[in-house]
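Engineer: Could you slot chain B onto chain A? The hints should help.
2 protein chains.
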Amino acid sequence: MGDLTKLEEAEAADMERQGGGGGGEEEEERDPESNMLHQPLLKRNRTLSSNPLAMVGAKVSHTESLDYEINENELFKQDWRSRSKVEVLQYIFLKWLLAFLVGLLTGLIATLINLAVENIAGYKLLAVVKYIEQKRYLMGFAYMTLANFLLTLVAAVLCVCFAPTAAGPGIPEIKAYLNGVDTPNMFGATTLIVKIIGSIGAVSAGLDLGKEGPLVHIGSCIASLLGQGGPDNYRIRWHWLRYFNNDRDRRDLITCGSSSGVCAAFRSPVGGVLFALEEVATWWRSALLWRTFFSTAVVVVVLRAFMEYCKSENCGLFGSGGLIMFDVSGVSVRYNVMDIIPVVVIGVIGGLLGSLYNHLLHKVLKVYNVINEKGKLHKLLLSLSVSIFTSLCMYGLPFLAKCQPCDSSITDTICPTTGRAGNFKQFNCPKGYYNDLATLLLTTNDDAVRNIFSLNTAKEFHISSLIIFFGLYCILGLITFGIAVPSGLFLPIILMGSAYGRMLSIAMGPYTKIDPGLYAVLGAASLMAGSMRMTVSLCVIFLELTNNLLLLPITMLVLLIAKTVGDCFNPSIYEIILELKGLPFLDAHPEPWMRNITVGELASAKPAVVMLSGIEKVGRIVEVLKNTTHNGFPVVDTEMVPAMGSPNGVTELHGLVLRAHLILVLKKKWFLQVRRRTEEWEVREKFTSIDLAEREGKIEEVTVTDDEMELYVDLHPITNTTPYTVLESMSVAKAMVQFRQVGLRHMLILPKYQAAGVSPVAGILTRQDLRAHNILSAFPQLEKSKRKKGH
Amino acid sequence: MGDLTKLEEAEAADMERQGGGGGGEEEEERDPESNMLHQPLLKRNRTLSSNPLAMVGAKVSHTESLDYEINENELFKQDWRSRSKVEVLQYIFLKWLLAFLVGLLTGLIATLINLAVENIAGYKLLAVVKYIEQKRYLMGFAYMTLANFLLTLVAAVLCVCFAPTAAGPGIPEIKAYLNGVDTPNMFGATTLIVKIIGSIGAVSAGLDLGKEGPLVHIGSCIASLLGQGGPDNYRIRWHWLRYFNNDRDRRDLITCGSSSGVCAAFRSPVGGVLFALEEVATWWRSALLWRTFFSTAVVVVVLRAFMEYCKSENCGLFGSGGLIMFDVSGVSVRYNVMDIIPVVVIGVIGGLLGSLYNHLLHKVLKVYNVINEKGKLHKLLLSLSVSIFTSLCMYGLPFLAKCQPCDSSITDTICPTTGRAGNFKQFNCPKGYYNDLATLLLTTNDDAVRNIFSLNTAKEFHISSLIIFFGLYCILGLITFGIAVPSGLFLPIILMGSAYGRMLSIAMGPYTKIDPGLYAVLGAASLMAGSMRMTVSLCVIFLELTNNLLLLPITMLVLLIAKTVGDCFNPSIYEIILELKGLPFLDAHPEPWMRNITVGELASAKPAVVMLSGIEKVGRIVEVLKNTTHNGFPVVDTEMVPAMGSPNGVTELHGLVLRAHLILVLKKKWFLQVRRRTEEWEVREKFTSIDLAEREGKIEEVTVTDDEMELYVDLHPITNTTPYTVLESMSVAKAMVQFRQVGLRHMLILPKYQAAGVSPVAGILTRQDLRAHNILSAFPQLEKSKRKKGH
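Note that the protein sequences, when read in sequence, are chains A and B.
Residue numbers for the first sequence follow full-length UniProt numbering, beginning at 1 and rising by one.
Residue numbers for the second sequence follow full-length UniProt numbering, beginning at 1 and rising by one.
If you're looking for bench data, these hints aren't it; they were derived computationally from the structure.
The reader is advised that the hints may include incorrect statements.
[Claimed, not checked] Pairs of lysine-lysine residues, derived as DSS-like cross-links and limited to a Cα-Cα distance of at most 27 Å, are as follows:
1. A/Lys77 x A/Lys686
2. B/Lys513 x B/Lys459
3. B/Lys402 x B/Lys459
4. A/Lys698 x A/Lys77
5. A/Lys513 x B/Lys459
6. A/Lys311 x B/Lys459
Everything numeric in this text was worked out from a predicted model, so none of it was measured.
If we strip away everything but chain A, and leave its shape as in the complex, we get (with noise of 0.2 Å):
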């Protein structure tokens, strides 16, 4: 209770503020509002000035809020107004073309890494092999070392000179782009080509990590260049694609971007459209839900018609195999209800697996952190010393394994083997044996899976040979993904996943009659459910992957087990990384403690909100911009309304209007004599809605002279009229929602009095003041009794 009584007394402390002060004169001496990212948003007292973004990571940089909002001020106004019918379908067209070549160009660029992967890596793996035939183990140790070093080093520096972004899955960007933060520099060209050779090196060089997650970014990466028409500095002006200078139709952009490297990582356009729709965006709609599905199926298109081509040995060592399909359409799986005792164990060992990771990951990473941030040598050295570890455990293990006879009664497969691929590798074996643990380390991860998936080979691999490999992913999985080269958690956890999988198979071997193959796939889909927590978009990218609709009802209950066991430790791997990075995701349900506090108390223990009069002066405009980091200034205009007759005079709320285009006012230096209203042809005349719709320019560059300071600027043609409101007495749960849902940059607050003196904006709302974490280090008496609750 005693928490709520102090929510009392700031309740009624805020009233008394709202209600008898807050006089006009009052405005001038007020402090700036200070809502960048990097700074603390919510003082309650003045004096307390920590940084919630401090701690969490070396990786936060200067990201920026996106605006969904539709900007609504008179040329905008105008410009929709004006737009012809020819112009709409310019526009849509243009939406579905673009939808295309984001389907095209991602399924070629899939081709071209699944194509270099599999021939860089396959001529590396046949060169060792035939070291290995000779006897030469040293030197086949040392050519797979090095080997694997330099396509590292290739990796990394690529990576860690030109562009830090590309390191790691980019998703969580990603999901963090599409809930409105935009990371810079993250989809760029050179990230792009880093990312493409990046990913290219790191999975030749047998690391373990997947192409999945990389697939995504650039298919986002392709989005957003063919959106804003090329890379920054080389950007096509075409006249078209000034639709798409919005973040609307960006967002949009990206989404098909994502969903179609879905699509391409596992050749599921259905997975990929649930994938963006589940784990990455945070808008949707039905039409959005169409424009993806498009995409993948270009995707699809274009892989398929590659794997037609690559039929006919064109391709070098590339086989169907590049990209990850399990096929085991051809089996019929059996199963009767008592199987469903060995699938719920699956999912619930998998799911703990799966918060284990997630939770050993998080210590890693903050780790990584740590040595990352000492500069760009220690990056570089961590993932060349992993890329060392990666390649001794590899090529070293598989000695510890005891050769196997060739089982007789198999006729079908070839035992054992020495090429590239195949499930049972000679290694080091005689004739007539081989080496289990050969055959799941000594070849690309994909080939790893597919051996590990594969049917009808209850007795291949031998429960040690199991352990080892179980452990050794279990290190890897770890210990790879924070390096610097592009990287998706994917394989790791199919990987780590499979073979528990199989291990459980053997130990409940005698119970159930499901293959280990089965097991394997099962046990593979448990751990991506206990770590990433999704389940439609993972159930069927399964079933996309292994081709089997017979299997859907079990993957279903596994995923959904896996999920709600890891759930009950903590949160998926995504929101760990989300957090780690510090980037401000707004959460789609708003916290419980929310609901006992009001906007109005945010706003009142934030400094009080700068506002501009319709009709400014110069100079008191280039002051707010240089002495605040607002993006965003309520205007309001205050008159004397003789009919009203009253002698305090009446304020109307104008609107918003934006930093960016109090700058290219400024720029432009159209700036006005005597303080008046202009005519719309006269700012039609100076502006267009395309000059308005570039986010670029920082006051710093804007020079104005002294006698110009002293002129006006009339700010209504540039006002968004239309911002989105609460009411100060709304609590901040319902306005997170209404932020979120709507898809905010800035929300005013209105104040619940009317009367004259009262100012007609109670403060703004911005993302930063809507995270749990700083409203929590601003009023920490919420913490209490939000601990109070937990007991």
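Structural biologist: What follows is chain B alone, placed relative to chain A:
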């Protein structure tokens, strides 16, 4: 430009009204605002009183809007704050338990329906076949017609007399419900029972309708009944169920129910979830995706268990058939790049046919509406004549077909068959011959689909038979849907589409190697997409139906093309029905011209808003409730604040109070002798939040004595203090986005002026105010500007 000027005039007038007038003394004289659904909402001209809903069909009944907003009044807050951790766990547990039960019961009822239909229709057909074998053709005809007549009679009488809402598919109403429109008696126990029995009757009667739509409705009914603890009159007042006594949780449950229904209809768990997501639901979130997926998983397990059980002939005539399942997984589908051309042709023609079907069905339904309005007898007669016509055609038309010799090269199928099912029906033919039209017509609809989809039967059906079949089902598909029995649209469209696909396969035969059975599948898909305009969910449903992932790329292509072509002509069939039923569905996208009008202008066209004081006289409350039909009233405190020193006083917008809560206060006679604020304990003594959750009660049922009329009520504790608001300068387009995204029933309009004497609320927006049709009828000049843009 003419309209623009008018708009500007309107704006200027509005500005004057807001700035200059609006004194408190006018308040009492204003007309009551009318936001009931039956009345026009926007009266530009007060004498204008056209009723937009009167035109659009007889099925309009008293619909209510749902309220998905979290009502934050003191009582609910108190309840929420005192909610312990155990109660939160109860809620979560119950949520999942209900999802499980919804799946379980939907699965069981779907099983029951399938069993009943297969057995009733099966024995009926067996008897008919026996008469035919004995060459007693007339007797066979009489038997079949009578049986169908009686079955239709049962279905129609139940629908007409007991539950008119059970007629039709129910999907549009569910779609409207999830959009926030409550059609009365839609989810009651009577409706459920009538829907189950009626669906069995109508489908067994061989009418051209499916059980798919009704199953979706049945799933939703089950969900709704479970959520409220049973039928209206016999509700279990289980303490735990109080958590679900709100529109938000009921909405989630019904979403679960509808996806379970689709899943049960097609045995397609992922398709079910996606159907709910793409077509039915308006609001969606990741957590819901997961829960619906769980429900559909349960359905699939139930259906699977039941099919296992029926394999051993325990279920009478029920084979694996009852659940449509065109299993083509065993067949390796081959197609190459050139096959894209026929696929495109299928898509284009399918889209054209689909939109043509929508167009014609619209006309037919309008005519049917007129007939059905004339009374119950007319409804019955209509249904029965359709039944007789259907029987006549089904039995008579096969006599037109020539007997075909059995192809001895097809060894694995029996030819001719005389039993209930089978691909080569003997009918009136001699031994060794079969009647291809009888194969398609003299069978259940499900079997007909299976027969026409069957692979490797290129020459089975003669073109003339296919044309007759197609023509017949086009007619039946148009005339059957609107009759007063539970009817689904999926199956008629699949039948039509498959016939069209087969016909096309014969026409295109020389140019392609695609199997005619596959053509039938693609034809069905194209017509579905052309009429229903879904893509991803249809694709997944077809995927799960055909059980062959290799079909995915071409299915996608067909669906995308057909939908695109169809969208050029008219909206989807569900949207057409929604409009016919006059349900105030809020579209996702605002119309472009809505950016030209502000909510302030809308508000000024409506009668002024009726406000209540924070502490209000009983007499005034009774008067307001009796004289208006509003469901929400802004609560405003007008107080002189001495500290302000302002002569005009201060008004404070306290929030919004609901009609239901006011009636509760009057019923409980919670009156005060003097004008004072009440304490928290006083409130809690009188009300519980459970009382407040009830929505029942009418003002006519309340009796208040004359003495009581002079007493006071403190409205503060029951007022929602956090209503969502918009500024009066907000454009209708953006206001609509907020209204829909946040799921509102009322949205307050705030003045943009801040001055003494300005009313703190400029108006209230409801669902009806934001509907394009209503706005256009009040502001005809917008219609003109819309047309002008079209030219």
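Engineer: Hint by hint, note whether the structure agrees.
Structural biologist: Hints, one by one, checked against the model:
Between the alpha carbons of A/Lys77 and A/Lys686 the distance comes to roughly 16 Å, so the proposed pair stays at or under 27 Å and holds. Taken as a hint, the B/Lys513 and B/Lys459 pair is honoured in the structure, with Cα atoms around 14 Å apart against an allowance of 27 Å. With a C-alpha separation of about 14 Å, the suggested pair B/Lys402 and B/Lys459 falls inside the 27 Å cut-off, and the hint holds. Our distance criterion of 27 Å between C-alpha atoms is met by A/Lys698 and A/Lys77, whose separation comes to about 26 Å.
Pair hint A/Lys513 plus B/Lys459 does not hold up; C-alpha atoms about 43 Å apart against a cutoff of 27 Å. A threshold of 27 Å between alpha carbons decides the hint, and for A/Lys311 with B/Lys459 the separation of about 34 Å lies outside it, so the pair is violated.
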